[in-house]
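Participant: Chains W and X are the protein sequences, given in the same order. Read left to right, the first sequence gives residues 1 to 411 (my numbering). Read left to right, the second sequence gives residues 412 to 822 (my numbering).
Read the hints as simulated data drawn from the structure, not as lab findings. Possibly wrong hints are sitting among the right ones.
With a straight-line cut-off of 25 Å between C-alpha atoms, the simulated DSS-like cross-links for lysine-lysine are [what the hints assert, rightly or not]:
no., chain 1, residue 1, chain 2, residue 2
1, W, K57, X, K468
2, W, K26, X, K526
3, X, K437, W, K57
4, W, K149, W, K6
5, W, K23, X, K526
6, X, K816, W, K26
7, W, K207, W, K197
8, X, K455, W, K109
9, W, K44, X, K455
10, W, K40, W, K132
11, X, K528, W, K26
12, W, K297, W, K212
13, W, K26, X, K532
14, X, K468, W, K44
15, X, K816, W, K57
16, W, K57, X, K532
17, W, K40, X, K560
18, W, K121, X, K468
19, W, K121, X, K437
20, W, K149, X, K816
21, W, K149, X, K526
22, W, K44, X, K798
23, X, K671, X, K646
2 protein chains.
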Amino acid sequence: MTFEEKKREYAKLLVNAGLSIRKGQKLYLTCPLEVADFAKLVIKEAYLAGASNVIVKWVDDEIARMKYDYAPIEVFENFPEWEALEKNTLAKDDTAFMRIVGEDPEALKGVDANKIKAGQKAAYVALRDYYKLQSTMGFKWNVSAVPSKAWASKVFPDIDVDEAVSRLWEAVFGTVRIGEGDSVKLWMDHAAKLKEKYTILNNWQLKELHYKNSLGTDFTVGLVENHRWEGGADKDPVDGRPFFANMPTEEVFTMPHRLKAEGVLCSSLPLCYEGDLIEDFKLVFKNGEVVDYDAKKGKDQLKLLLEGDEGSRHLGECALVPFDSPVAKQGILFLETLFDENAACHFALGNCYETNLIGGPEMSEEELIAHGGNISLNHVDFMVGTKDLEITGITKDGEQVTVFKNGTWAF
Amino acid sequence: MTFEEKKREYAKLLVNAGLSIRKGQKLYLTCPLEVADFAKLVIKEAYLAGASNVIVKWVDDEIARMKYDYAPIEVFENFPEWEALEKNTLAKDDTAFMRIVGEDPEALKGVDANKIKAGQKAAYVALRDYYKLQSTMGFKWNVSAVPSKAWASKVFPDIDVDEAVSRLWEAVFGTVRIGEGDSVKLWMDHAAKLKEKYTILNNWQLKELHYKNSLGTDFTVGLVENHRWEGGADKDPVDGRPFFANMPTEEVFTMPHRLKAEGVLCSSLPLCYEGDLIEDFKLVFKNGEVVDYDAKKGKDQLKLLLEGDEGSRHLGECALVPFDSPVAKQGILFLETLFDENAACHFALGNCYETNLIGGPEMSEEELIAHGGNISLNHVDFMVGTKDLEITGITKDGEQVTVFKNGTWAF
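Please construct the entire structure, taking both the sequences and the accompanying hints into account.
Facilitator: Structure below.
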């Protein structure tokens, strides 16, 4: 396949597997200006798949940055009511949402954190209906990435920018199984394999997981009762056909109990948080809460994350990923969670996913918390998986089962 | 000035003279994706001028075209309520609106006219508050142009596209007085000169104008009683400072009486209507209405225009422009009304401007019509001015005054 053919195949994959666009359905596409040419391929494929309308919301790092630098905080505190009306209405009206990421991972470096927080908080309130439906898969959504120059130069700082963009494109293609045949079929096979794993885990209903590796991780996390492991495809709420909220996705994940985490977790990959890298860090947990932490680089940024709100110091997601996943095999740090979280086992600090608890989507916040779920404005993944990671599960009867051995699935 | 300096000067001109952005004011910018780099210059200048927020609405010919080609007509019939809420709200809330045009003049060629009409009609209803304030200068707005590749290749079909874009940029700079010194000051001087002309015309309160030239034009148009000639700058509704709704603008214009037009008007420049060129056409008027017409090229398109609605067969604007204006001096057909209308005397078929009648903005549609105003979904300018055009005015007392001689102002 030529480069142009791969791009077209990728656009088709996003439309026909990522979102499984149906005839008459609307597509809401959020995309960086810089990759408008790729967006046009997606738009074309969406119409060919029968979309009745494609609504595009363009984003741009430089313009966003100017706003952060010059606009007063009131602008961030007041989420536009029309934008809320648009997204909340479309979310309830058979619209699929696609977001293409891939801009500068350091775009927000040095921005007034109060403005960022104010914007997030205002969006959280204004888009409550939208977020609620998103977190419960009440509509189809998909996040994927397309290389920008700024992103590629950060991933490959030592080579020419155009060459860096080409290499990052090839890496992205590798992670999403483009160039290996019919990509839609490959994704359906992939989803079936992930389903095998989470079905076994769901039947086990493990009480807790022990993590141990040579980095220094020695950690136990408790899972909520009636947790659900998920991974790969979700189901179209209308016709049940599969869609993929993330592309790539290699993880099988569930809900940790917010008050049950003990011991030391060591990072295995750097974490890019609001434009700054946090490297070689460790978190010490007691009763589910981070009570101590350290980092060789970016400790202040780690502090900022942990002090975001109370829920930012508790876990919201526990995810299993083999050390040799197609993402890990690219052998690069993507500096973008969408990829890096699929290169290694990880946890998230912050908000949990309601769908990881049976009955969760129908619960109030209070009920969710009572069941061990975590609530936060943050949801930040950090990687802990290594080639020598061992994960042992403890069943309700106290028996041990090996979940991960030598960094990958033991079953 | 280098090319980059000229672009920056142009961005400054649009922000500081075109819209006279005040501290704390919002800017709503509509801009083609292709010229995002120029938009960023404008956004930066707007923030430097004190704008509190810049909201950008991106447009793109190819994406719009895909929508016309694939989306069902219902999509065009239903104007999104959030978009109406946004524009209607912002229009009442101290926002200045800038629109950058300059895409492919033939972008809509071959599109289903019913979809275009449906979209225009839906917008007209949904954005009534916005349009009402726009037509009465209740908020500041500005339309300018930036060359796209498609536009430049149509203007200069025989040269390389990059060279065409450069040449069109230089032509645009020439029309907006960039590269001749302090452009904001040049525009204030220009506005003062246009004011001299329309002040004299307003004092005369001519009953009618006779047009005659060697193309075959022999035409009389009646002006409404208490008409106002306008041109150049309008006034910020808050602080009275000048702004320019169009850049370039060379015209002084007023309201013809919808029932008072007699004789033959011959076009002096081609007219680009919804992507198709209408060339060498003439219109025959009786009692204000087009009763006959012909065109060497594009007669079907002319028919479509005239049959748009009843108001499309009557005049809504009468504008005077010297044959040697800075736009005309570029010696090219811009294929974009914003420019071509400033190269020659012209009329518009369709909707009138309420501000061209004393008390007009406060009138109902019925009152406006009773005073001779014209109502239509269309407002299409067509050029009639030539180097040998003579325009004679008739005062209420029946005296003759020479308005234009040898294609330019006689006073």
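Participant: So, for every hint listed, does it hold in this structure?
Facilitator: Hint check results:
1. A distance of roughly 9 Å separates the Cα atoms of K57 (chain W) and K468 (chain X); the hinted pair therefore holds under the 25 Å criterion.
2. Note on K26 (chain W) and K526 (chain X): the hinted pairing holds, with a Cα-Cα distance of about 18 Å set against a maximum of 25 Å.
3. A threshold of 25 Å between alpha carbons decides the hint, and for K437 (chain X) with K57 (chain W) the separation of about 19 Å falls inside it, so the pair holds.
4. Proposed proximity of K149 (chain W) and K6 (chain W) is supported: the alpha carbons are some 19 Å apart, at most 25 Å.
5. A C-alpha spacing of about 20 Å is found between K23 (chain W) and K526 (chain X), which places the hinted pair at or below 25 Å, so the restraint holds.
6. At roughly 58 Å between alpha-carbon atoms, K816 (chain X) and K26 (chain W) are farther apart than 25 Å, so this suggested pair is violated.
7. A hinted pair counts as satisfied when its Cα atoms are at most 25 Å apart, and K207 (chain W) with K197 (chain W) qualifies at roughly 17 Å.
8. Under the criterion of a C-alpha separation no larger than 25 Å, the hint pairing K455 (chain X) with K109 (chain W) is consistent with the structure, at around 19 Å.
9. Straight-line distance between C-alpha atoms of K44 (chain W) and K455 (chain X) comes to about 33 Å, which puts the hinted pair past the 25 Å bound.
10. Proximity of K40 (chain W) to K132 (chain W) is assessed by CA-CA distance (about 29 Å); at most 25 Å being required, the pair is judged violated.
11. A distance of roughly 22 Å separates the Cα atoms of K528 (chain X) and K26 (chain W); the hinted pair therefore holds under the 25 Å criterion.
12. Between K297 (chain W) and K212 (chain W) the CA atoms are separated by roughly 23 Å; this keeps the pair inside 25 Å, and the hint holds.
13. The straight-line distance between the Cα atoms of K26 (chain W) and K532 (chain X) is roughly 22 Å, inside the 25 Å bound, and the hint therefore holds.
14. Restraint check: the Cα-Cα separation between K468 (chain X) and K44 (chain W) comes to about 21 Å, which is no more than 25 Å; the hinted pair holds.
15. This hinted pair does not check out: K816 (chain X) and K57 (chain W) have alpha carbons roughly 52 Å apart, beyond 25 Å.
16. Between the alpha carbons of K57 (chain W) and K532 (chain X) the distance comes to roughly 24 Å, so the proposed pair stays at or under 25 Å and holds.
17. For the proposed pair K40 (chain W) and K560 (chain X), the alpha carbon gap of about 17 Å is at most 25 Å, so the pair holds.
18. A distance of roughly 24 Å separates the Cα atoms of K121 (chain W) and K468 (chain X); the hinted pair therefore holds under the 25 Å criterion.
19. A threshold of 25 Å between alpha carbons decides the hint, and for K121 (chain W) with K437 (chain X) the separation of about 22 Å falls inside it, so the pair holds.
20. The suggested pairing of K149 (chain W) with K816 (chain X) is violated, with an alpha-carbon distance near 58 Å, which exceeds 25 Å.
21. Among the hinted pairs, K149 (chain W) with K526 (chain X) is inconsistent with the structure: their alpha-carbon atoms are about 38 Å apart, more than 25 Å.
22. With a CA separation close to 48 Å, the supplied pair K44 (chain W) and K798 (chain X) exceeds the 25 Å bound.
23. Straight-line distance between C-alpha atoms of K671 (chain X) and K646 (chain X) comes to about 30 Å, which puts the hinted pair past the 25 Å bound.
In this structure, the earlier hints numbered 6, 9, 10, 15, 20, 21, 22 and 23 are contradicted, and the remaining ones agree with it.
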